[in-house]
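With the sequences and hints as input, model every part of the structure.
Chains A and B, in that order, give the protein sequences.
The opening position of the first sequence corresponds to residue 0 in numbering that gives the first Met the number 0, with each subsequent residue numbered one higher.
The opening position of the second sequence corresponds to residue 0 in numbering that gives the first Met the number 0, with each subsequent residue numbered one higher.
Errors might be hidden in some of the hints.
Interface residues of chain B toward chain A, partial, derived using beta-carbon atoms under 10 Å [stated by the list, open to error]: (1) Val136; (2) Gln137; (3) Glu142; (4) Gln187; (5) Leu195; (6) Gly327; (7) Ala335; (8) Gln457.
Computed, partial: chain B to chain A, Cβ under 7 Å [what the hints assert, rightly or not]: (9) Gly139; (10) Ile182; (11) Phe197; (12) Asp198; (13) Thr342; (14) Ile347; (15) Gly349; (16) Ile461.
Pairwise CB distance ranges, derived in the manner of DEER restraints [to be verified]: (17) Glu220/B to Ala178/A: 54 to 60 Å; (18) Arg148/A to Val492/B: 52 to 58 Å; (19) Lys493/B to Asp134/A: 48 to 54 Å; (20) Val492/B to Val310/A: 57 to 63 Å; (21) Gly108/A to Ile479/B: 39 to 45 Å; (22) Asn167/A to Pro471/B: 33 to 39 Å; (23) Met223/B to Thr34/A: 39 to 45 Å; (24) Val67/A to Phe219/B: 30 to 36 Å; (25) Asp86/A to Phe126/B: 54 to 60 Å; (26) Asp134/A to Pro471/B: 17 to 23 Å; (27) Phe126/B to Leu239/A: 44 to 50 Å; (28) Pro136/A to Ile495/B: 52 to 58 Å; (29) Trp379/B to Ala178/A: 53 to 59 Å; (30) Asn167/A to Phe126/B: 43 to 49 Å.
If you're looking for bench data, these hints aren't it; they were derived computationally from the structure.
Built from N, CA and C at the ideal position, the CB exists for glycine as well.
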Amino acid sequence: MAMLKTLRLAVPAALTVALFASGAAAQDYPDRPITLVVPTAAGGGVDTQARALAPAMEEILGQPVQVVNRGGAGGTVGIQSLVLPADPDGYTIAASASVSLIENPILQGLAYGPEDLTIIGTTGQFQVAIVASADAPYDTWEDFVAYARENPNTRWYALGQVTVPIMNAIAEAEGLEIAIVPGQGGATLAPTLIAGDADVSISGGIHTPFVESGDLVVLLSLLSTGDLMATPDVPSAQELYGISMENNLVISGPAGMSDDVVAALEAAVHTATESERFIETMDTIQFPVAYRSSADATQFLNDQADSTRAVLAE
Amino acid sequence: MDTIAVVVGQSFTLYNVLFVAAGIFLGYVVGAIPGLGKVTAAAIAIPLTYAMNPVSAIGFLVGIAKGSTAGNAVSAILINTPGEPSSVPTAMDGYPLARQGKGVKAMKIAIIASTIGDFCATWLLIFLTAPLANVAVQIGKVELAAILIFAMTFIAALSGKSLSKGLISGMIGIILASVGLEIETGTQRLTFGSLLVFDGLPLIAMAIGIVAVAEMVLQFEEQMSLRKGGEPGQKSLDLKTGEENRVTGKDLATVAPTIARGTVVGGGIGLLPGLGAAIASFASYGLTRRLSKDPDSFGKGNIKGIAAAESADNAVIPSSLITLFALGIPGSVIAAILAAGFTMHGIIPGPLMMRENPEFMLGLFGSMLLASVLMLLIGWIGMRLFARVITIPFTFLFSGVIFFSVVGAYLQGGGVFGVYILVVFGIVGYFLKRFDFSFVTFIIGFIIGPQLELAVRQSLIIVQGTSVWDYPVAIVFGIITLGVILRVTWSTVKRITGPTLSEELDS
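Below, the structure is given as structure tokens:
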């Protein structure tokens, strides 16, 4: 009997909740833990940043933010299996490199791009640059180009296919003949260059401590705007050839999230990027904090996707 | 004197000793659970270290890594279900010993070999980090290709009775390892359009399936037939602690050279980024068997087999940290996870670490040596406790192992997909074992195949325009490889044409 009574009370209550759910949901958001999908294995740059961001967001939102790692295929496995199909209720969001949203899906022939996600903001910028061993007979971009002209088929180490079209475009602009050495795993960058197995490589940012220790030198910046944090004086490929390889840390969610939820998350991300812990972590792994609002980031990534598609379609 | 004071002040505090011991204990327990290994243990433990001070946090993580590597031997020896590929050779001799009632002795040998391997490699890390890292960095792609081909020839040494069956399963391993995106152009290979295998089949889920699940099914079958035959379905294993389980001075003298060799092999292989514990323990096992006067006694319960595998397996851990500490390059999966732990505590692994955080580094070295000693203590005392696993009725053991195998495959194999892989390779493993195909060469093929492919393809581009004499290290390894191949061919020819042929057909 008692159970029946409870049921009788519960049914109208549930109905009331259901009726007002659409209005109440956004106001009460978040009322349960949020999952932050990181589409790489635990331990990399993206993961470290996400794990610094999560506790700061937690404090602001008042609900736990749980990091879930699902690595594979340059981030496309995690985005496709956990983020795209999730409910756009704001309880599943992702922290990924923009290369997992733009270049990798194109190269792998997958049918999604930043347009198919709700972009909440960007939080950091990868220090993409062309680097070489400090022992090499050149330590500026000018010297390297001269060296590469005299010695055709310089070996360019390609970590991931994403960098191959960039390398070819730069070589073409300078009229160089190059040989591309395929590689895998960011950790192999420094040893490959130091051992002399390749002449130059494009680094996504992990070169900075090696530059500080004197093992590697930076030759050319690949940022679309602004200077590299640790080596602001190197020339920029954007200025020389109009070529860049921008990669940012993006916070995103499934398409169709309500404006209220996006606003709540946007505010949390913004405040979190200004928190002491996040800034400290970013300083340790030597990434500049680069915050963009939801609107700015959406515009930025969509433009980047359009131009990348045009380049890769050639 | 100051150095010693710093080490003592940082690492021999009650707080730190407790955390290192907790790490070892936790690692040992997780390692001793079939299907779970160090990567799972360390990945789960990283969030637990948030509130600790850096020295204790890293000591705790190192303790977990060391403890679980040693703990893996327990399930490998007692129930023939290694938690990781690197403990497979331990099971090859450990399980036969356990069946002879010498399980405790096998575990003792394992823990002694683990501790010595680990302890010596830790000193290597402390004193030779800088010079060894410079050597490791000079090992380029061409040298790596030569070393991998050399390691491949151990397949032949490990293929058991039938060389052709060993080669067949090795080739199946290589073919399955080619699943995923091809490295140079990104072409899909054998993916059938499924995104989940773009990065290849998950090794750990597959290895647990092929080793632990298949073994449980085989043991289940054995129990059923025992029951049908009117005998009670009791475990045939028996845990004696009497005379025959004592490790004598003679035993120690027998395994001492093996342990020394295992430590060198593990220390050397751990130094080369990406080669890892599995290759080290197989290589050490293969080498010991090849050098033995009585190679046929291996696989039937030779304590040298356990000593070879375990010393190399544990020596890899400190050694794979050498390139991490000196250059910021993690030499193994576990080193990469530790690197994440470092970063979380505000320390960037790499060349600047020693200069910027000398006190932390001394404290860490102290903790690592402490971990070696504690590992021996906890392993030795805990042995009786862990050994009770074989007194568990088979019904519970079976369900427990399957349960933990599913958990391990889920954690390390990309969620539910890992569980499917576990089931499929459980079935594959069952048939491999049933028809006497070597699952060992299968796993080695799977691990080395893709690395070798990448190294060879890179080398072909790199060597353009250079002379063969630019690569003396590669030449040396090439000659050794040829020597091994000739020896194996010679002994195979002798075996086929020799008088032993009829004996072999009879058996």
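Here is what the structure says about each hint:
1. Interface hint status for Val136/B: upheld, as the beta-carbon distance to the closest one in chain A is roughly 5 Å, under 10 Å.
2. Annotation: Gln137/B was flagged as interfacial toward chain A, and the flag holds, the nearest CB pair being 6 Å apart, inside 10 Å.
3. Proximity of Glu142/B to chain A holds as hinted, the smallest CB-CB distance being about 9 Å (cut-off 10 Å).
4. At about 8 Å, the closest approach between the beta carbon of Gln187/B and any beta carbon in chain A falls short of 10 Å, and the interface hint on this residue holds.
5. A cut of 10 Å between beta carbons decides the hint on Leu195/B: the least distance to chain A is about 7 Å, and the hint holds.
6. Annotation: Gly327/B was flagged as interfacial toward chain A, and the flag holds, the nearest CB pair being 6 Å apart, inside 10 Å.
7. The interface hint given for Ala335/B holds, since its Cβ lies 5 Å from the closest Cβ of chain A, which is under the 10 Å cut-off.
8. Look at Gln457/B: its Cβ gets to within about 5 Å of chain A, closer than 10 Å, so that hint holds up.
9. Given hint, Gly139/B at the interface with chain A, holds; its Cβ is 4 Å from that chain's nearest Cβ, closer than 7 Å.
10. A distance limit of 7 Å between C-beta atoms decides the matter here; for Ile182/B the minimum to chain A is near 5 Å, and the interface restraint holds.
11. For the restraint placing Phe197/B at the interface with chain A, the shortest Cβ-Cβ distance is roughly 3 Å, inside the 7 Å limit, so the hint holds.
12. The beta carbon of Asp198/B is positioned within 7 Å of a beta carbon in chain A (closest approach about 4 Å), and the interface hint is therefore held.
13. Checking Thr342/B against chain A: minimum C-beta separation of about 5 Å stays under 7 Å; hint holds.
14. Taken as an interface hint, Ile347/B checks out: its beta carbon lies about 6 Å from the nearest beta carbon of chain A, inside 7 Å.
15. Using the Cβ-Cβ criterion of 7 Å, the hint placing Gly349/B at the interface with chain A is satisfied: the shortest such distance is roughly 5 Å.
16. Interface restraint check for Ile461/B: the shortest CB-CB distance to chain A comes to about 5 Å, inside 7 Å, so the restraint holds.
17. The hinted window of 54 to 60 Å between Glu220/B and Ala178/A holds, with their beta carbons roughly 55 Å apart.
18. Evaluation of the 52 to 58 Å hint for Arg148/A and Val492/B yields a pass: the beta carbon distance comes to about 56 Å.
19. In this structure the hint that Lys493/B and Asp134/A lie 48 to 54 Å apart at CB holds, the actual value being about 50 Å.
20. Judged by the Cβ atoms, the range 57 to 63 Å given for Val492/B and Val310/A holds: they are separated by roughly 59 Å.
21. At about 44 Å, the CB distance of Gly108/A to Ile479/B agrees with the hint of 39 to 45 Å.
22. Taken as a hint, the range 33 to 39 Å holds for the pair Asn167/A and Pro471/B, whose Cβ atoms sit roughly 34 Å apart.
23. Look at Met223/B against Thr34/A: about 44 Å separates their beta carbons, and that is inside 39 to 45 Å.
24. Look at Val67/A against Phe219/B: about 35 Å separates their beta carbons, and that is inside 30 to 36 Å.
25. Look at Asp86/A against Phe126/B: about 56 Å separates their beta carbons, and that is inside 54 to 60 Å.
26. The hint said 17 to 23 Å for the Cβ distance between Asp134/A and Pro471/B, and at roughly 19 Å that hint holds.
27. A beta carbon spacing of about 47 Å between Phe126/B and Leu239/A agrees with the range 44 to 50 Å that was offered as a hint.
28. Our hint of 52 to 58 Å for Pro136/A and Ile495/B holds, since their Cβ atoms are close to 56 Å apart.
29. Taken as a hint, the range 53 to 59 Å holds for the pair Trp379/B and Ala178/A, whose Cβ atoms sit roughly 56 Å apart.
30. Remark: the range hint 43 to 49 Å for Asn167/A to Phe126/B is upheld by a beta-carbon distance near 46 Å.
Every hint, counting from the list given before, is met by this structure.
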